[in-house]
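Peer 1: Produce the complete structure using the sequences and hints provided.
The residues making up each chain are set out below.
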Amino acid sequence: MRIAQAALVAVLTASVLAPAIAAPSAGSPAQSPAPKVTPGPGALSLPLADPYPSTYVPFPSRPTLIRNATLLTAAGPAIAHGSIFMQNGKIVAVGATVSAPPDAVIIDGSGKYVTPGIVDPHSHIGDYAAPDTFSNSDGNEATNPNTADVWAEHSVWPQDPQFPRILAGGVTTIQVLPGSANLIGGRSAILKIVPAQTVQEMKFPGARYGLKMACGENPKRVYRSRGPSTRMGNMAGYRAAWIAAEAYRRRWDAWNATHEGDPPQRDLTLETLAEALRGNINVHMHCYRADEMVQVMDMAKEFGYHVTMFHHAVEAYKIADILAKNGVGATMWADWGGFKQEAMDSVRANIGLVDAAGARAMIHSDDPSGAQRLNQEVAKAMAAANAIGLNVSEAQAVKWMTINPAWALGLDDRIGSLEAGKNADVVLWTGDPFSVYTKAEKTWIDGALLYDRDDPAKNWETDFELGYRTSAVVR
Amino acid sequence: MRRLLVATLAVASVIAPIVARAETVAIVGGTVEPVSAPRIANGTVLIRDGRIVAVGTDVAIPAGARRIDARGKIVTPGFINAATVLGLVELGGEESTRNANVKDAVSADFRPWDGFFSESAYIASTREDGTTTVGIGPGGGFVSGQTALVELGTGTAHDMLLKGPTGILVDPSGGGFENDADRDETAGAPNTAGNEIADRPASRGDAFGKIRALLDDARFFAAHQAAYDEGRTRQLAASRASLIALGPVVRGQLPLVVAADRVDDIDQTLLLAHDEHVRVIILGGAEAWRIAARIAAAHVPVITGAMNNIPANFSQLNQRQENAGLLRRAGVEVVLVGNAGGGDEDQFNARNVRFEAGNAVAYGMTHADALRAVTLAPATIFGVANQIGSLAPGTLADVVVWSGDPFEFATRAEHVFVKGIEHHEPSRQDLLIERYRHLPPTHAAPPGQSTP
Chain A
1 MRIAQAALVA VLTASVLAPA IAAPSAGSPA QSPAPKVTPG PGALSLPLAD PYPSTYVPFP
61 SRPTLIRNAT LLTAAGPAIA HGSIFMQNGK IVAVGATVSA PPDAVIIDGS GKYVTPGIVD
121 PHSHIGDYAA PDTFSNSDGN EATNPNTADV WAEHSVWPQD PQFPRILAGG VTTIQVLPGS
181 ANLIGGRSAI LKIVPAQTVQ EMKFPGARYG LKMACGENPK RVYRSRGPST RMGNMAGYRA
241 AWIAAEAYRR RWDAWNATHE GDPPQRDLTL ETLAEALRGN INVHMHCYRA DEMVQVMDMA
301 KEFGYHVTMF HHAVEAYKIA DILAKNGVGA TMWADWGGFK QEAMDSVRAN IGLVDAAGAR
361 AMIHSDDPSG AQRLNQEVAK AMAAANAIGL NVSEAQAVKW MTINPAWALG LDDRIGSLEA
421 GKNADVVLWT GDPFSVYTKA EKTWIDGALL YDRDDPAKNW ETDFELGYRT SAVVR
Chain B
1 MRRLLVATLA VASVIAPIVA RAETVAIVGG TVEPVSAPRI ANGTVLIRDG RIVAVGTDVA
61 IPAGARRIDA RGKIVTPGFI NAATVLGLVE LGGEESTRNA NVKDAVSADF RPWDGFFSES
121 AYIASTREDG TTTVGIGPGG GFVSGQTALV ELGTGTAHDM LLKGPTGILV DPSGGGFEND
181 ADRDETAGAP NTAGNEIADR PASRGDAFGK IRALLDDARF FAAHQAAYDE GRTRQLAASR
241 ASLIALGPVV RGQLPLVVAA DRVDDIDQTL LLAHDEHVRV IILGGAEAWR IAARIAAAHV
301 PVITGAMNNI PANFSQLNQR QENAGLLRRA GVEVVLVGNA GGGDEDQFNA RNVRFEAGNA
361 VAYGMTHADA LRAVTLAPAT IFGVANQIGS LAPGTLADVV VWSGDPFEFA TRAEHVFVKG
421 IEHHEPSRQD LLIERYRHLP PTHAAPPGQS TP
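Residue numbers (this note's numbering), protein chains in the order written: chain A, 1 to 475; chain B, 1 to 452.
Source of the hints: derived by calculation from the structure; they are not laboratory data.
Each residue gets a CB set at the ideal place from its N, CA and C atoms; glycine is no exception.
Be aware that a few hints might be false.
Said to hold, decoys possible - What follows is a set of in silico ranges between Cβ atoms, one per label pair, in the way DEER data are often shown:
#1 B:R71 with A:G111: 25 to 35 Å
#2 A:A387 with B:R71: 43 to 53 Å
#3 A:T143 with B:R240: 19 to 29 Å
#4 B:T366 with A:R239: 41 to 51 Å
#5 A:R226 with B:G247: 42 to 52 Å
#6 A:A387 with B:G56: 45 to 55 Å
#7 B:R240 with A:N459: 34 to 44 Å
#8 A:R239 with B:R240: 52 to 62 Å
#9 A:R221 with B:K103: 14 to 24 Å
#10 B:E94 with A:T143: 23 to 33 Å
#11 A:G95 with B:T366: 37 to 47 Å
#12 A:D455 with B:T366: 23 to 33 Å
#13 B:G247 with A:A236: 43 to 53 Å
#14 A:D321 with B:G404: 32 to 42 Å
Peer 2: Here you go:
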């Protein structure tokens, strides 16, 4: 209903304004310039606004050298018997021989592996916190097909006991997305996996927002009684929203350029979509079927935005060449399928085939259990790729859980690989991370050791678990 | 051109009738894990007429036997995933493909295997990954119905059934009071127990009281069936069909498979078994490690996973990945199943039970115990150890030759036998990969014509 009204307004506005896009208002040009007004800050719709800014501060760190380990850098071939030195939150040096100051903590990595911290681009942790209670069910604002106005960070519960568990699995950065009930679900939150009292303390400084959208069965199932109830209804819903958002973008870009007259009415839904049209928000689209993904890429051209990446993308392998040509990524499970018809063509070689076609391919969890073992999920995908002769090396496969998802979040200049100058988000594994027997032993974020399997007393325990966790055995 | 040939061959292999028959096969030179006996280096497994006839280092190989060179390979019994809905649910989101559900709270007579789908796409994909038997059971309800074991061979549902019932599933929560939020509604994995259940228990005490009353009535019914049929008895707690189905339970011949995670629910189940003189198997058992010694002393098996550590509700606050290893060390017969959630291990990924075993080893179980937990242990607790679960002579020839450690991701099941027949049928997933291995896909090319 709201979409329909907005679309109508957009059409009328567009016909009045065209082609005078820069006009400050729809009023008569014969009037004298409107007086300057000073609206309250909440009235303004500003590009790249940051009203809930990150208050993240890195935890204390010590200069640390890991030596004699196998390094999977995600930036080149594996380095056997290599060393990595981190200091002041950054990676300082990576290579066969690395020097470190005498006060550095030295860790012998014999028989062990080092990788960049894992980046999970599709999580609901914090929004669907454990335990699975009514109170904690904060992930799907399934009250309207278009809820571009909701921000995932406003549901995040920092005491979700799933956070320390994924840190123990080597995950250092996640994108928390609203659920997939809606055509347009809302803004994502990019979080560091650190103990915190507020979500602001977890927010990755400088990370741009993502926008969650969803194709196919979920929206049409959730809204089947009121619409959309079909895939064509889904497409009509997105398009109406983009039309309204484009009009909104023009009105605000014009007002922001001149600050003349009363500002247009601010609208959180249209504001988020306008930011996506401006290229200030990465668009993340949940789609399973190949044909729907291609329709969505056409829609993006119709409205002049870019789809950063398809999520789930169970049939991405069928159109991997088209994804590559359009510069659109795909984030996938290793082997989920069969839970609905649009997931029935899932194949374990999906990631390998998309990667081989030259598109950005990566793993995601969408699940707090799988998120603890993304290395195992990648191992399954790698094995399936190699079984059909794709010859995926460990040095390549590690990118599926590090630099490629960092790219999808627009953070590949800061995280995702073991390279000098990057944030020291580092994982030391007990062995080959693609073995079922290997566990993350230590996890550093910005050089701070935040998880140590060998020192359980110091590991992060959320408020929720206090007084509930026990090691007591009853005879 | 070569591409086309490969595609044509793949199609031909599907269309050609399956002519494989049980043959005489000698698998030679492998590291043999009989499970029922110690590991044999450089051993031979001899298969004839669908059964294992000899295992050892000095097995005489009959003339004409097909030899499989297993040097450098591992030979095990076919794996068993004891708790799935494979063949009962094809596509979770499509009700027309779901045959696991019941409507009544007490449905002890429900036999879900009557609805097993022998053409399920997951039979081939599960089998080619080395799992040759699955346990199937109902979803939803309180006394939900009967469980069974199905061999992933050929034929119709009736041909594939190994044993049913193997137990009667009881979920004290009835899908009701355990979880407050229904995450599944939009996450894409509709609850297979998503149907409305009438008269399910309202709380734990209600549930255990109802189970006891039900067993009491089942005993009463068995003793007074004629009077019941003539209408000369009081009203009983379940339908006539359910009371008949519970007969083997109260006679101690058939276990109740009780879904219990909270330590107290598990303890209550042990008390129930003791008081009512019934056999029980714990399913789930998230906090079972806390009373491992009691469970062992009661000789109660536990079906659990090794990848769960999330306090997903107030019955699982202390679940941990060490659970399986701790239980086994205390002497409990542990069966590993995939139940970490999210990935719908229920059917599509029933094949992943081998990775559950690997994770159990990573968290303290011995490799031998983990192997037992996906082979002989489920066969034992469901009373079919004389047929499957080991490489003991006389058992059905469900045998897998693995390229390496069966729990590792890079390992492949190179030869898979079910009842002595080696299966090569490509799965639906194999055929999709073949079609889209090279883009654009080959299906557009008319047969016999090469693309330019």
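Peer 1: Find the hints from earlier in the document that the structure breaks and name them by number, from lowest to highest.
Peer 2: Hints 2, 3, 4, 6, 7, 13 contradicted; others consistent.
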